[in-house]
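Could you put the whole structure together from the sequences, leaning on the hints where they help?
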Amino acid sequence: MHNQETNEKSAAEDIAAAAEKPAAHGHPPMTEVERIRHSAAHVLATAILRLWPEAQFAAGPPVENGFYYDVELPHRISPEDFEKIEAEMKKEIKANHPFARIEVSRAEALALAHAGELAALGPRPAASKFKLDIIENISPNETISLYRNGDFTDLCAGPHVMRTGNIGAFRLTNVASAYYKGDEKNPQLQRIYGTAFKNKTQLDEYFTMLEEAKKRDHRKLGKELQLFTFDDDVGPGLPLWLPRGAAIIEELEKLAKETEFAAGYQRVRTPHIARENLYLKSGHLPYYADSMFPPMELAEDRLPSLSRPAGFQPAEAGADRQDAHPPSQAGSLTSHRYYLKAMNCPHHHKLYAAVPHSYRDLPLRLAEYGTNYRYEQSGELFGLMRVRSLQMNDAHIYCTEEQFESEFNAVNQMYLKYFKLFGIERYVMRFSTHDPAKLGEKFVDNSELWLKTEGMVRGVLQRSGINYVEVPNEAAFYGPKIDVQVWSAIGREFTIATNQVDFAVPARFGLVYKDRDNTEKTPLCIHRAPLGTHERFIGFLIEHYAGNFPLWLAPEQVRILPLGDDAPLLEYARSIYQELRAHEVRAELDASSDHIKAKIAAAEQMKVHTMLVIGNRDMEAGAVSVRVHGQGNLGAKPRAEVIAGILEAIATRKS
RNA sequence: GCCGAAGUAGCUCAGCUGGUAGAGCAGCUGAUUCGUAAUCAGCAGGUCACGGGUUCGAGUCCCGUCUUCGGCUCCA
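In terms of the working numbering, the first sequence opens at residue 1 and continues consecutively.
Check before you lean on any hint, since a few could be wrong.
As a list, the in silico SDA-like pairs of lysine to any residue whose alpha-carbon atoms are at most 25 Å apart [as the list claims (entries may be wrong)]: (1) Lys-654 <-> Ile-249; (2) Lys-198 <-> Met-30; (3) Lys-200 <-> His-336; (4) Lys-220 <-> Pro-638.
The hints are simulated quantities; they were obtained by calculation from the structure and are not laboratory data.
Here's what the structure looks like:
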């Protein structure tokens, strides 16, 4: 499986993009709150111009939780400027100017842009350069419209609210930078973000929601619950799993191994590094080299003198990393460079190739929780969600074309089974297909196979009634793929897993099976990783559960809290502790002399799933008092019953 | 990688315009033996991210580096 995160565009964006297409003639319908936000963006521009008349504006649309306007301005806007910008905005809102729509000819629009009058309060010495560019990109048969509120005129398709006074409540939130038209070759603009709602109540609710979301942030909870850590000496993007986090990993692997064993997968193991030849053969080098850690190279005095590859050049220390390790020219020569593996598929292909295969062996399902290393750009690292070392719930299924549909469907059903187990209700599968115009460039040049495999995938999706959206031009170079997007309880979105069809790379590796008719055929390969990577999946689970893991996943499943620390009571507590440990329950015993309230508070803070409070009363009755995180005191119950209940809940992975 | 911001004890944070580094929690020690979210006291804990510079004097000002955060870009 290649991708930890293949594409992070939201399904909402896809839907929005799809909705924009018919808008060539009309305009996409905007909800009321979107019109409010779009209008607030104009008011923001109005305010900025009052303060900095030379500001040049690019685009200012409503977005999911608010709006932004991109502006080019020598003055660097900082949050300290927000107060005065907001004050100007309030003046404009108070003035309650109508939003007037004016339709103009292309020539008129261009004239206004040249006079600096677009996204402006009036004529200016400099042309409205971004607006000029936008006009030039409007198709000739489309109407060009302007919107005016007070002195401010902007090139805009609309729609807006009736008057500036209809903007109920707003606030500027942050300032960031963005490339014009999202292209890093274009100038960077300052992007001012804000949000707006119908009224102040809704605005306040939004900020309350943000506060709640912050509490669930996996980075915050990961620290508080001692799940994982990062260390500068170890390196950026390289998470260290503390015992509590590792416990979750162990449970997920156990789940995956059970599930995959039952589904006929076989487990394999491969090294973390491979010789350069492997990636030359797979086609990952040189195109993928930037996303791989620089190669390790044997010192010259340790190289066998006769077998150096033709293209061999010792890397220069400190040289630009792209040039520091150009791939050797010929894959047939033995390289002395080794790469940390960024994906497991080439290794797995080699495992397939190691043994001759008959059609009777297929489907062959090779599974491994493989560890990969990817040199993600520094600005892209993000907690556990985007890291440089990752362990993937990977497997490659080699099958015949006839087997493809049932195999692919089985993979999808596995996803659904996991979703159910974790209570993931909101998900969408993004089905990425090729663009015929880019065959042989971005996509393997085999139109027939593309159409065939895409048709097969589409068929499986449709027949199984899975919620999916189709996205052209985003397939992997070797085949169509499905990215699985999920939303955590707080609405944060993740691309959690991918599922890809590969009809090209097995051939590059010369993978074959002997078919019924005694001819050699190349198998199809399905890459799949329903649980994605440990890093991202656990990051997701932390936010999904807000750290309140179900018993089977809880880092600390049970904590025993004796009331006091006198010897007989501790002895009783210890016997319960030992019984649980004997059943591999992650139990702890708080034998401190703290007050019971303090012990409970400590256990609750660590979100320990089940707390067993034990006093003399319980000891005499052979009982324990059960307290469950989030549920409070459940009262005293017989010891054996409680332990049996705990074991049952763990064994069945009760949610 | 790009733009901007931030980095003070294990954690959360205070430290005004430069004048010897502080609190709470956690930790350790002792007391407390308490029936469901924090008992009391004492102790210990810091190269103020790192490296340079300005200054009589730098957590504070300047430069560089690293890391993190907010975005953008990227994501086989």
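Does the structure keep Lys-200 and His-336 at a Cα separation of 25 Å or less? violated, 65 Å
Is it true that the CA of Lys-220 sits at most 25 Å from the CA of Pro-638? violated, 38 Å
Between the alpha carbons of Lys-654 and Ile-249, is the straight-line distance 25 Å or under? The given pair, whose Cα atoms are some 18 Å apart, holds under the 25 Å limit.
Compare the distance between the alpha carbons of Lys-198 and Met-30 with 25 Å, and conclude whether the hinted pair is satisfied. Roughly 14 Å separates the two Cα atoms, so the pair holds.
Checked against the numbered hints listed earlier, the structure breaks hints 3 and 4; every other hint is satisfied.
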